[in-house]
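Protein chains in written order, with the numbering used here: chain A, 1 to 113; chain B, 1 to 113.
Hints are not guaranteed to be accurate.
Partial chain B-side listing against chain A, Cβ under 8 Å, derived [unchecked claim]:
| id | residue |
| --- | --- |
| 1 | Asn32 |
| 2 | Gln34 |
| 3 | Lys42 |
| 4 | Leu44 |
| 5 | Ser46 |
| 6 | Leu49 |
| 7 | Gln51 |
| 8 | Met100 |
| 9 | Leu101 |
| 10 | Gly104 |
| 11 | Gly105 |
Computed list of lysine-lysine pairs in DSSO-like fashion (alpha-carbon distance at most 27 Å, straight line) [claimed, not checked]:
| id | chain 1 | residue 1 | chain 2 | residue 2 |
| --- | --- | --- | --- | --- |
| 12 | A | Lys9 | B | Lys42 |
| 13 | B | Lys42 | B | Lys112 |
| 14 | B | Lys68 | A | Lys14 |
| 15 | B | Lys1 | B | Lys68 |
For the record, the hints were derived by calculation from the structure and aren't laboratory data.
A virtual CB, placed ideally from N, CA and C, is assigned to each residue, including glycine.
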Amino acid sequence: NAGVTQTPKFQVLKTGQSMTLQCAQDMNHEYMSWYRQDPGMGLRLIHYSVGAGITDQGEVPNGYNVSRSTTEDFPLRLLSAAPSQTSVYFCASRPLASNQPQHFGDGTRLSIL
Amino acid sequence: KQEVTQIPAALSVPEGENLVLNCSFTDSAIYNLQWFRQDPGKGLTSLLLIQSSQREQTSGRLNASLDKSSGRSTLYIAASQPGDSATYLCAVRHNNAGNMLTFGGGTRLMVKP
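Using the sequences and the hints given, assemble the complete structure.
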């Protein structure tokens, strides 16, 4: 079982560039989410989705877009990268029933120069 | 706004010691609380999940307790081993539409042989 798979693992971008962070899960989980982890700030929710075609904003959504065309995939798009978006990004999934634990990918380490 | 605090931020103990990690939260209207382990450069691994109606959960050498009314949870690790060295994060799930997780800043644990 692959679980939650994130690609790429590392990426360096220049300010103003755009890119998409990929996230896929093979557990048929309805709920998927994106977090960023920064030193001293903990993990913060960017966007989440409760199923295909449904997305919503989390705590820090500005500068990011998401879409959910399939149950398996939940890509995160940086529209115009800024140095403040340098972070480690984690994708997570779980069944929709809230009493189930969250499963995390290994993260994407993103540096914006 | 929910705030989650973990004390201590770092802890170094000799192998074999029993230890307690603390997590406190400001809003008791939670759905559940989850403890995670994070190894350097890796994602989060779920250790224990306690529903708001439960008092504790156990898995092997780990025991987590929850006192929702006082906004506290503890993670007890018995007979610590060098392999337990990692960062431990607690997160509370909200009773809201997004069921988002709010994370503490983590406790970085080092168990010395």
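Cross-check of the supplied hints:
| no. | hint | result |
| --- | --- | --- |
| 1 | Asn32 | holds (6 Å) |
| 2 | Gln34 | holds (6 Å) |
| 3 | Lys42 | holds (6 Å) |
| 4 | Leu44 | holds (4 Å) |
| 5 | Ser46 | holds (4 Å) |
| 6 | Leu49 | holds (5 Å) |
| 7 | Gln51 | holds (6 Å) |
| 8 | Met100 | holds (5 Å) |
| 9 | Leu101 | holds (7 Å) |
| 10 | Gly104 | holds (6 Å) |
| 11 | Gly105 | holds (5 Å) |
| 12 | Lys9/A <-> Lys42/B | holds (10 Å) |
| 13 | Lys42/B <-> Lys112/B | holds (21 Å) |
| 14 | Lys68/B <-> Lys14/A | violated (45 Å) |
| 15 | Lys1/B <-> Lys68/B | holds (16 Å) |
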